[in-house]
Amino acid sequence: MKRRNRKKNVSYGRYGYIFLTPFILSYLIFQIYPLIYTVRISFSDLKGFATKMNFVGLANYARILTSDAYWDSIWNTIVIWVVNFIPQLFFGLFLAVLFTSSTVKVRGQGFFKVFMYLPNIITAAAVALLFSQLFGYPEGAINTILVRLGFEKFEFMRNVAATRGVISYIYFWMWYGYTMLMFIAGILGINPAIFEAARIDGANNIQTFFYVTLPSLRTMMLYILVTCMVGGFQNFDIVRMYNNGAPNNKSLTVMMYIYNQAFSGDFKYSAAAAASVVLFLIIATFSVLLFILMRDRDKGKKGVGGR
Amino acid sequence: MKKNRIQIRIIRVLLFLLCCFLTFLTIFPLWTMIVNATRSSVQIQQGMAILPSTHLMENWAVIMGRSGVNLLTIFRNSVVIAGGATALCVYCSALAAYGLVTYRFRGRTFLDTFIIVAMMVPTSVSLIGFYRFMYSIGLTNNFIPLILPAMATPGTVFFMRQYLLGISYTEIIESARIDGAGEFKIFNRIMLPMLSPAIATQVIFSFVASWNNLLMPLMLLTDKSKRTVTLFIASLKFANVYAIEYGAIYLGCAISLVPILVVYFLLSKWIIAGVALGSVKE
Chain A
1 MKRRNRKKNV
11 SYGRYGYIFL
21 TPFILSYLIF
31 QIYPLIYTVR
41 ISFSDLKGFA
51 TKMNFVGLAN
61 YARILTSDAY
71 WDSIWNTIVI
81 WVVNFIPQLF
91 FGLFLAVLFT
101 SSTVKVRGQG
111 FFKVFMYLPN
121 IITAAAVALL
131 FSQLFGYPEG
141 AINTILVRLG
151 FEKFEFMRNV
161 AATRGVISYI
171 YFWMWYGYTM
181 LMFIAGILGI
191 NPAIFEAARI
201 DGANNIQTFF
211 YVTLPSLRTM
221 MLYILVTCMV
231 GGFQNFDIVR
241 MYNNGAPNNK
251 SLTVMMYIYN
261 QAFSGDFKYS
271 AAAAASVVLF
281 LIIATFSVLL
291 FILMRDRDKG
301 KKGVGGR
Chain B
1001 MKKNRIQIRI
1011 IRVLLFLLCC
1021 FLTFLTIFPL
1031 WTMIVNATRS
1041 SVQIQQGMAI
1051 LPSTHLMENW
1061 AVIMGRSGVN
1071 LLTIFRNSVV
1081 IAGGATALCV
1091 YCSALAAYGL
1101 VTYRFRGRTF
1111 LDTFIIVAMM
1121 VPTSVSLIGF
1131 YRFMYSIGLT
1141 NNFIPLILPA
1151 MATPGTVFFM
1161 RQYLLGISYT
1171 EIIESARIDG
1181 AGEFKIFNRI
1191 MLPMLSPAIA
1201 TQVIFSFVAS
1211 WNNLLMPLML
1221 LTDKSKRTVT
1231 LFIASLKFAN
1241 VYAIEYGAIY
1251 LGCAISLVPI
1261 LVVYFLLSKW
1271 IIAGVALGSV
1281 KE
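Going line by line, the protein sequences match chains A and B.
Heads up: the first sequence at position 25 corresponds to 25 in our numbering, and the numbers run straight through without jumps.
Take the position in the second sequence, starting the count at 1, then add 1000; the result is the number in our numbering.
The hints are simulated quantities; they were obtained by calculation from the structure and are not laboratory data.
Keep in mind that a hint or two might mislead.
In silico lysine-lysine, DSBU-like type, Cα no more than 30 angstroms apart, as pairs [unchecked claim]:
id, chain 1, residue 1, chain 2, residue 2
1, A, Lys52, B, Lys1269
2, A, Lys47, B, Lys1269
3, B, Lys1269, A, Lys153
4, A, Lys250, A, Lys153
5, A, Lys105, B, Lys1269
6, A, Lys47, A, Lys250
Bound conformation, chain B alone (with noise of 0.2 angstroms):
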C-alpha cells in the first residue's frame, strides 16, 4: 500500500512538471514578444533578455514611420469585419439551427446530414471561383466579401443545433403561441436568451476566427487604407521595409497579440468552458 502511494505521489510531480514545462513552451515565445518588443535592435542581436528594456518608443517611432500605417485605422477594419461577420453569423446560425430543431418539415433530416457533411468541406478550395465572383460584380476591395458570407456558416448552425437538442423548450413555445405571439417575436424575445451561453461562445470564435483571417483579406483588399490587422502583420515581413528592424517586427506582433492575449485572460474560463460545449455527442 505505501509504495503505491509513493509510487502515484512520484508520478504526480512528474506529470505535474510535465504540464508546467507545456505552459512555459506557451509562455517563453510571448515573453520574448513583449520583452524584446522593448529593446533596441542591436540589444536583440547581443543576446537574450528576461527583462524589458527601453527602446520601445523607438521601435514604435520605427513602426508609425514605414508609410501608411495607422493603427487606429487598422484596428477598425478588423473590428469592423470580425464584429459584422460574427454577428451576421451568429444571428442566421441561431435561426437555422432553430427552424432546424422545432418544426417539422420536408427535408429536416436531409439538412440535418447536410450540415455534418458541410462541415467537413474544405472552404478554401473554391476561394478561386469566389474571387472571380467577387471580381466580376465588383466587389474586390471592399469589406461586404468578408462579412455576408458568414451567414453560411455549418459549424455554428451545427453547435447551435446541439444545444437546442439538450434543451427542453416545447412548454415555453406553446404557451407563448397561445398568448398569440408570433414565430419571430417567439424567437427574439424567448429563445434568443436561453440560447445565450451558446451565443457568447459563438461570438466569441466566430470573431476570432474572423480577426485572425490572413487568406481572404490577402485576397480582396488591395487598398492600404482597408488593411486588416493580419495584412499589416504580413506587410511587417514582406514589405522590405522592416528587414533588420528586429525590435520593430517584435512591437508588431506586440502590437497584434496583446489585445488578444488580455481579451483571452479576461474571458478564459467562458472561452475554455465553450469550446467543448457544442462537441459532438452521440
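Chain A on its own, in the form it takes in the complex (with noise of 0.2 angstroms):
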C-alpha cells in the first residue's frame, strides 16, 4: 500500500485500527458473540437436535440454582483447587525465593528448573490417564510399592479423599514450576536498590522476605492467584481422564457437569449454558474480590526508589 505524501505532517494514527482488525474482528466473532449467544440460549429450552428455541424465561437459572449435582460439583472443584493450590503458592514463592539468593546458593540451578517446568507442558490428559494407572488397584505401581514397603494396597480410586488428594497433586505437580518461574522474574524485576537498602539497615533473610520481597511481588501474586483461580474453576481434562468424576461424583468439577449437561444424556444445552453463565458470573466476584483485597494501596505514594 504506497502512500503519497501530500502533507508536511502525516497521520499514521489509522494503522493502529487496521493493525488491530484481524484481532478484534475475531474476538468479537470467537468470543464476544458465543457469549452472547451462551446468554441466549440460557434463557431458552434448547436440547437436543432442536434448532428453534422458545424462550422460557428464568426457568433454567431457577433450576440450576437449586440442583444439588450443580452446587456439589462447584464445592468438588474449589475443594480441589485450594488443596491444590496452597502448595503450589508456598513451594512456587519458596523456590524462587531459593534460587534467587544471594546467601543459599544451591547447585544444579539449571538442572532442577528444566525438571520443575517440564510437567507443565506435558499433556494434562495424558498424564492424568497415567496416574490413574499407577494409583490403581491391585497393579498400580504405588500400590506394588506399599506392599513392599510392609503397607496394605489401598483402593485410591474408591476414595473419596483419596481422588481428590490425587488430582489434587497432579495439578500441583504440573504448576508450581511455572509458578516458580513467574517468581523468579517477579524478583529479579525488583530494584536491587531496595535490597541494598533493606541490607545496610541490617535485615537478615526473614526480614527481608517479608518486608521487602513479598510485598514488591504484589502484581505478580495478583496476576497469579487471579489466572489460577480462573483456570481452577475451569479444571476440565485431568479430573475427567483420572477418574471421571467417580467415586459417586465427588470429583466431578463444574466443567465437567456443564459438558454432560450438553453432550451426554438429554444434551441439554439450555441447562449448560444456564450453568455456564452462573460459573461467570461466580468467577467473576472473586476475581474482583481479589482485586480489591490485592489492590496496591500505596500506589500514589511510591518515591523513586518504589517498584
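Assembly of the complex is requested from the two constituent chains, each provided in isolation within its own frame, with the hints serving as guidance.
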C-alpha cells in the first residue's frame, strides 16, 4: 500500500486500527458473539437436535440454582483447587526465593528448573491417565510400592479424599514449576537498590523476605492468584481423565457438569448454558474480590526506589 | 563465624536434597510410564520394575489392532491444528501488539485495559454458545473452529506488547518511512525479525496449548479419522477396549508424551527463559 505524502505532517494513527482489525474482528466473532449466544440459549429451552428455541425466562436458572448436583460440582472444584493451590503457591514462592538468593546458593539450578517446569508442558490428559494407572488397584505402581514397604494395598480410586487428593497433587505437580518461574521473574524485576537498603539497615533474610520481597511481588501475586483461580474453576482435562468424577461424582468439577449436561444424556444445551453463565458470574465475583483485596494501596505514594 | 558457615552448608545440602526429591517426583511417573510400556500386563500386575522389558511390540500390536487407530493420521491432525492455530495466533497477536504500541489513535488506552481484562476472562463459559454457533453454520467435525479462533488470544497480544515496550525502535521506523516503505512492509521486514525472541517463545507456548487441548476437539470432532492426539488418549480410557491391557495403556501415554519430552529437552533453555519474558512488569 503506497502512500503519497501530500501533507508535510502525516498521520499514521489509522494504521493502529488496521493492525488491530484481525484481532478485534476475531475476538468479536469467536469470543463476544458466543458469549452473547450462550446467554441467549440460557434463557431458552434448547436441547437435543432442535434448531429452534423458545424463550422460557429464568426457568433454567431456577433449576440450576436449586440443583444439588451443580453446587456439589462447584464445591468439588473449589476443594480440589484449594488443596492444589496452597502447596503450589508455597513451593513456587519458596523455590523462587531460594533460586534468587544471594546467600544460599544451591548447585545445579538450571538442571532443577528444567525438571520442575517439565510437567507444565506435557499433555494434562495423558498425565491424568498415567496417574490413574499408577494409583490403580490392585496392580498400580503405588500399591506395589506400598506392599513392598509392608503396608496394605489401598483402593485410591474408590476413596473420595484420595481421589481428590491425587487430582490436586497432579495439578500441583503440573503448575508449581510455572509458578516458581513467574516468581523468579518477579523477584529479578525488583530494584536491587531496595535490597541494598535493607541489607544496610541490617535486615536478615527472613525480614528481607517479608518486608521487601513479598510487598514488591504484589502485582505478580495478584496475576498468579487470578489466573490460577480462573483456570482452577475451569478444571476439566485431568479430572475427567483420572476418574471421570468418580467415586460418586465427588470429584466432578463444574466444567464436567456443564459438559455432561450439554453433550450426554438429554443434550440439554439450555441447562448447560445457564450453568455456564452462573459459573461466569461466580468467577467474576471472586476476581473482583481478589483485586480489591490485593490492590496496591500505596500506589500514589511510591518514591524513587519504588516499583 | 564458623558456626554460621556450617549452618549455611547444612541448609544448602538440605535444600539441595529437597530439589533432588522434587526432581525425582517429576521423573518417577514418566520413567515408570516408559518402563511399563515395555512390559506385559501380567508383568505389571506382578510388581514394579526399574528397567524396561521386552514386550514393547506386543503392546504396540494391541494399540494398533484396536479399531481405527492410525497413528500417522492422528499425529498429522494434531500437527495441522496446532500449527495452523499457532501461525495465526502469533502473527495476528504481533500485528495487534505492534499496532497498540506504535500508533496513537482514539481508544488505544481502552484497548490496552481491555486486553488485560480479556486475559482474565474464563473462555470455557462461552463454550455452549460457541458450539451451537459452529453447529448452526455446519462447522462441527471440522478443523476450522479449532484453528481460526486462535487469532483472538489476548494473552499473546499482551506478551508481545510487553516485549515491544521494552525495545526502542522508533528511529528504525522513521528512517524506513523516509525511505518510502509502507507500514506493512515495515512490519513484515523490520519488526518481525526484531520480535523473534518473543515470537519464538509464543510459538512454543501456543503450539503446546493447542496440542494439549482436550475439551475443544472432544466437543467438536466426532470422526475417528479426524482425531487428535488428546482424543486418542481419551479413547485409551473411554473406548472400553483397553480395560486390562495395562501395558498398552502405558504405551499409549508414552506415544503421546515422548515427542513432547524430546522437543522439550532440546529447547529447554529457550522455553524456560521465555516463560517469564513477557510477565507482568510494572
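Tested hints:
no.: 1; hint: A:Lys52 to B:Lys1269; verdict: 53 angstroms, violated
no.: 2; hint: A:Lys47 to B:Lys1269; verdict: 49 angstroms, violated
no.: 3; hint: B:Lys1269 to A:Lys153; verdict: 41 angstroms, violated
no.: 4; hint: A:Lys250 to A:Lys153; verdict: 22 angstroms, holds
no.: 5; hint: A:Lys105 to B:Lys1269; verdict: 20 angstroms, holds
no.: 6; hint: A:Lys47 to A:Lys250; verdict: 26 angstroms, holds
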